[in-house]
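Using the hints, position chain B against chain A.
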Amino acid sequence: MALCNLCEEHEAVVWRRYSGVRLCKSCFTQSIEQNVKRTIRRHAMISKNDRIALGLSGGKDSVSIMHLLNQITENRPDIELIAITIDEGIKDYRNESIPIAEKNAKQLGIEHKIVSFKETYGYILDDLLVLTKSQKRRLKACAYCGVFRRSLLNRAARELGATKVVTGHNLDDDVQAILMNFMRSDIERESRLGPKTEPRHSKLVARVKPLREVPEREVALYALLNEIEVHLGECPYAGESFRQVIRNWLNEVEVKYPGTKYSILRGFDKLLPTLKEKFGHPPLQECKYCGEPTQYKVCKACELLQKLKT
Amino acid sequence: MEIPIKIKYFSEITETKVEEGSTVEDVVKKLGFNLETVVVKLNEKIVTEDAKVKTNDELTIIRVITGG
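Line order of the protein sequences matches chains A and B. Taking my numbering, the leading residue of the first sequence gets 1, the next gets one more, and so forth. Taking my numbering, the leading residue of the second sequence gets 311, the next gets one more, and so forth.
So here's chain B without its partners, still in its complex pose:
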């Protein structure tokens, strides 16, 4: 079963659906990011990538590795 969650990237919030029981890592990969290049907040708290997402959670993706 799929559950709805919110994704915040920069200041834009979008809604998406993920499989129930998905981890932060699953979502990050699904969105096409490499785990080494982002820090993720789950409901405003920085979490490890094995944290599980629940219905209506807000996941903030902070891209921390760019080229410079």
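Extracted from the complex, chain A is given alone in its bound form:
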């Protein structure tokens, strides 16, 4: 039986090979809370009188950050939390996670709004993929889902008067994105990846990622140990994504060379100021169809929707 290296009293439930430390349930839970608080403080993620919109899927990351933020802001009556769930319309997946999202929000007394692809774009994701396949122009599911989800989360947050959007992106998510952008040679996109995305348009809400320095496995462990109900199902379209290839590879490397994920993040954080300086970020304009902020005349969501009709 291995004891916790901090309290030297209780049995360890986690062995962090990247630091060599073993922690018991209580010390581990505290360390996750400290990690999140440190990230929030370091990047000034929360300001006075913030109305924070949480992107809540019902999965381990979003549910855990909701519980953590609820606890962190417990003594801050000026901070308001609201949860937004995007229903993409993915059978046997999202319909299973939404009730869990609802249950957790209700348990914490957090206002919860569900918005759907169907009511906003006229299609559920499943149908959209069948349609584009029949048109012989189907892209990978994530190409549609990512664009619509990002845009809709921002729109819903803005309409609810939010001053910040919090997402449940964890260490693994960000490291995968860093590698994917690099492997696609999309360095401009790389320069927009960071702990905090400042709005470049009055219709954009600032986005922050307080779980960015917590490994994905530890987010799950936090939820399990603290008996937080989360959805652990897998998106039926995950297998077709480039991200899945990177995720598997990264996990193999991490097991052989513990600390690789943190190293990649630290290296990227050193590069980020230079990347931001190089690319600058010109102000955005409004999409001529939907009015949402975009780099070009037509936003990516409308571009995808237009293609369906031609």
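The hints are simulated quantities; they were obtained by calculation from the structure and are not laboratory data. If you're wondering where the values come from, they're calculated on a predicted model, not measured in any experiment. A virtual CB, placed ideally from N, CA and C, is assigned to each residue, including glycine. Errors might be hidden in some of the hints.
[Claimed, not checked] With a Cα cut of at most 20 Å, we get these calculated DMTMM-like pairs of lysine to aspartate or glutamate:
| no. | chain 1 | residue 1 | chain 2 | residue 2 |
| --- | --- | --- | --- | --- |
| 1 | B | Lys318 | A | Glu234 |
| 2 | B | Lys355 | A | Glu229 |
| 3 | A | Lys37 | A | Glu8 |
| 4 | B | Lys339 | A | Glu252 |
[What the hints assert, rightly or not] Some residues of chain B that are not near chain A, with every Cβ distance over 10 Å (derived):
| no. | residue |
| --- | --- |
| 5 | Thr324 |
| 6 | Glu330 |
| 7 | Lys355 |
| 8 | Glu359 |
| 9 | Ala361 |
| 10 | Glu368 |
Using the frame of chain A, we list chain B on its own:
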């Protein structure tokens, strides 16, 4: 010498044999899982991967990292 243990994955329980002195990590690898993607309970308690398994122990594998 091999010892029998039980593996619980989702709600299904199967029996398998592992070398005496095996750790949770050895079993997880033998079953083809990556340690970064699972949390393991040994006889209903979450343990670190260097915990040793004994005859008739029940190992629960919780796959926590999927695609989503």
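Practice task
With 10 Å as the threshold, tell me whether B:Thr324 passes as away from chain A on beta-carbon distances.
Solution key: holds, 20 Å
Handout entry: Exclusion check [B:Glu368 not at the chain A interface, CB over 10 Å]
Key = Holds, since 17 Å exceeds 10 Å.
Handout entry: Cβ separation check - B:Glu330 to all of chain A, threshold 10 Å
Key = Per Cβ check, B:Glu330 is outside 10 Å of chain A; nearest 18 Å; holds.
Handout entry: Agreement of B:Lys318 and A:Glu234 with the hint, judged by alpha carbon distance not exceeding 20 Å
Key = Measuring from Cα to Cα gives roughly 19 Å; hence the hint holds.
Exercise for the section: Mind checking the alpha carbons of B:Lys339 and A:Glu252 for me, to see if they're no more than 20 Å apart? Expected result: holds, 11 Å
Exercise for the section: For the pair we were handed, B:Lys355 and A:Glu229, check the Cα-Cα distance against 20 Å. Expected result: holds, 18 Å
Problem - Given pair status - A:Glu8, A:Lys37, alpha carbons within 20 Å - result: Given that 20 Å is the threshold and the Cα spacing comes to 24 Å, the pair is violated.
Problem - Non-interface claim for B:Lys355 versus chain A (Cβ beyond 10 Å) - result: violated, 8 Å
Handout entry: 10 Å cut-off, C-beta based - B:Ala361 kept clear of every residue in chain A
Key = Violated: least Cβ distance 8 Å, not greater than 10 Å.
Exercise for the section: Evaluate the condition: distance from the CB of B:Glu359 to the nearest CB of chain A exceeds 10 Å. Expected result: violated, 7 Å
The structure is inconsistent with the numbered hints 3, 7, 8 and 9, although it conforms to all the rest.
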